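Chemist: Fit chains B and C to the known structure of chain A by using the hints.
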Amino acid sequence: MRAPDQAPSSGLSDIAADVLARLRRLHPRVHCLTNAVAQTFTANVLLAVGATPSMTLSAVEVEHFVRGSGALLINLGTLDDERRRSMTLAADAACDADIAWVLDPVKVDRSGFRADFARTMLTKMPRALRLNAGEFEALASAPAGRDAIRLFAETQSLTVAMTAGTDIVSDGRDIVEIGNGDPLMTRVTAMGCAESAVLAACLAVEKNPLNAAAAALLLFNIAGEIAAERARGPGSFAVEILDALYNLDAAALRQRAKVSQ
Amino acid sequence: MRAPDQAPSSGLSDIAADVLARLRRLHPRVHCLTNAVAQTFTANVLLAVGATPSMTLSAVEVEHFVRGSGALLINLGTLDDERRRSMTLAADAACDADIAWVLDPVKVDRSGFRADFARTMLTKMPRALRLNAGEFEALASAPAGRDAIRLFAETQSLTVAMTAGTDIVSDGRDIVEIGNGDPLMTRVTAMGCAESAVLAACLAVEKNPLNAAAAALLLFNIAGEIAAERARGPGSFAVEILDALYNLDAAALRQRAKVSQ
Amino acid sequence: MRAPDQAPSSGLSDIAADVLARLRRLHPRVHCLTNAVAQTFTANVLLAVGATPSMTLSAVEVEHFVRGSGALLINLGTLDDERRRSMTLAADAACDADIAWVLDPVKVDRSGFRADFARTMLTKMPRALRLNAGEFEALASAPAGRDAIRLFAETQSLTVAMTAGTDIVSDGRDIVEIGNGDPLMTRVTAMGCAESAVLAACLAVEKNPLNAAAAALLLFNIAGEIAAERARGPGSFAVEILDALYNLDAAALRQRAKVSQ
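Chains as they are written, first to last, in the working numbering: chain A, 1 to 261; chain B, 262 to 522; chain C, 523 to 783.
No false leads were slipped in.
Here's a subset of chain B near chain A, in silico, CB distances under 10 Å, partners left out:
1) Asn-296
2) Ser-372
3) Ala-492
4) Ser-497
Treat the hints as calculated values from the structure; they're not laboratory data. Nothing here was measured: the structure is a model prediction, and the numbers come from that model. C-beta: ideal position from N, C-alpha, C; glycine also.
Next comes chain A alone, as it looks inside the complex (with noise of 0.2 Å):
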């Protein structure tokens, strides 16, 4: 894996900003089925963007809330019965109608069941795929690299960005590489799974998948690395990041940007 470049990638910062400010003017939906741990602090990661959540996972109403969405995100964070029997509802009412959906398959690699389902959801036409090295590795049954990134991308025709220290996004043909973040994120409880959301968020507004998932991590990590600056552990470091996310804007973003293409 090379190094990401250390000098400020005005592209795709550029482009990030841009989506943050359609974010912040538009306010697009996004239905989350996700997991009962993640819910809360999703929601106020999604708003804190500028987006407008909504989390039922009721089977008589999902596919109603869907077809209102901008966007879908499906965790499989906690499979109980009615959220998983939701997910293939929403699944499917979002492939039916076009609209850009999400799969971040938490933990399938803890769980011969939970990856069997993940690959019925591929199946139905996610347009990215959020997940760690393990999660990647057991559902790609190959290692977390660039090119086995960029091949299971191109064969699954999605995006799929895999975040590590750091991040590898393709959409099957590009690679994009993020060096931002900090190890406190991953002492806080559903930080992938809300990044996620905001990977859903940014494709309601952004038509273009390798740029809508790069923004998201790019606005992600660097919200994340200005609220490791100012926290004292992973309590300040949670509210940290939600009121970076709020205040983030362009300069922060071509300054802190380590992106290599």
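Modeler: Structure of chains B and C alone, referenced to chain A:
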């Protein structure tokens, strides 16, 4: 809509201070059937004002918990199967035992199924209804103004508390307007949901529903103003409003209240 | 009840420092079937002390997650259908695989149904029981004093950790009392629930259940004292206790411990 009187209204602020003192002395039990996104923040808001929350949504024990409580909140935010079943059991138990309950018909303007369910719940005699303008218009089929709110409260035999830039509260006869609050309250999830829970808590210690509802909105929105002065964004705002509720005193209520009657 | 010794007890504070060092080095997996209100805070507390939480309550995968964990927590706070079914499966799996598990019988003093369910769970050999005085009295049908706690622990072959102004811990033979903590801990939801999760985490790295339980309570309550010194109310307290747990060191444990044996 008349602009609220900017001068302090000692009437309602004194009532609110008195209600708050009772919450802190009596620690009333408030059972909440609220949405999955709002549960934690709602419990913390109730604890911050002195109340004692319980939140089980198990159909086998919800009636028992309701009968042991001073008030009940039913919030339609996430209408999964068991929660929906328990809402019916809980409202019936409250109605039967003459326990005051509050309906918060979240997002009824986005789903016909949900609006129908809310109308069924209205037949179970809630003491108060807390909602925003879009939700009021979906339920009342009328524009959200003073007259329509008073009329709806009269027809339904309950107190309506509609929150907006200026809140309007009516018991079907009198109308109170409250101009406190801060725009940051719309950038944190579950603020309205938690406000409804405070309304339920106030009903547990104050028989007059107009006073209870107006006191709840005044307490909550003044705490929101104090929090906004200290916050740097929505993350710190959510922390500060809990601290502000916990430390709220009669002097702050009297100085800040923007009430017109 | 004897007043706890105000002088530092180097014995337990050294054990607690050692247990904390193991949590930070080994990152034990702790599966939690806990109530919906407590999930996020509990996950963040576990991450703050170094453990790795998982929280799925799906009946189809819970046994698999339990078998891959170092310890299990079962908390009865919200007893919805699937959660209750999964609790039975999880306790049986832990019992069968000899994985230490903790029972937190939340609010058994408020519901006979819940007390019966807790008694059934007690037959599945939890290693420890964390509860408050009212819950102890409901389960043990005896006043919550030193002798009754020791006797109940002996009869049930487990370790009891009763939290109160002064905590009492007994494995049926020895008794430890801990006088640390702060009243603000009762004004934030899920504090007891999260403390039970820390107890489970400690059991994953410390075989002696009395040491694990006493260490968990000491760690958590000293972090609570540090947090209370910095907080301005329950909102900032919940943030500060996560930072305090993350930054806790042997010196603070030794200086602050109020332990009597």
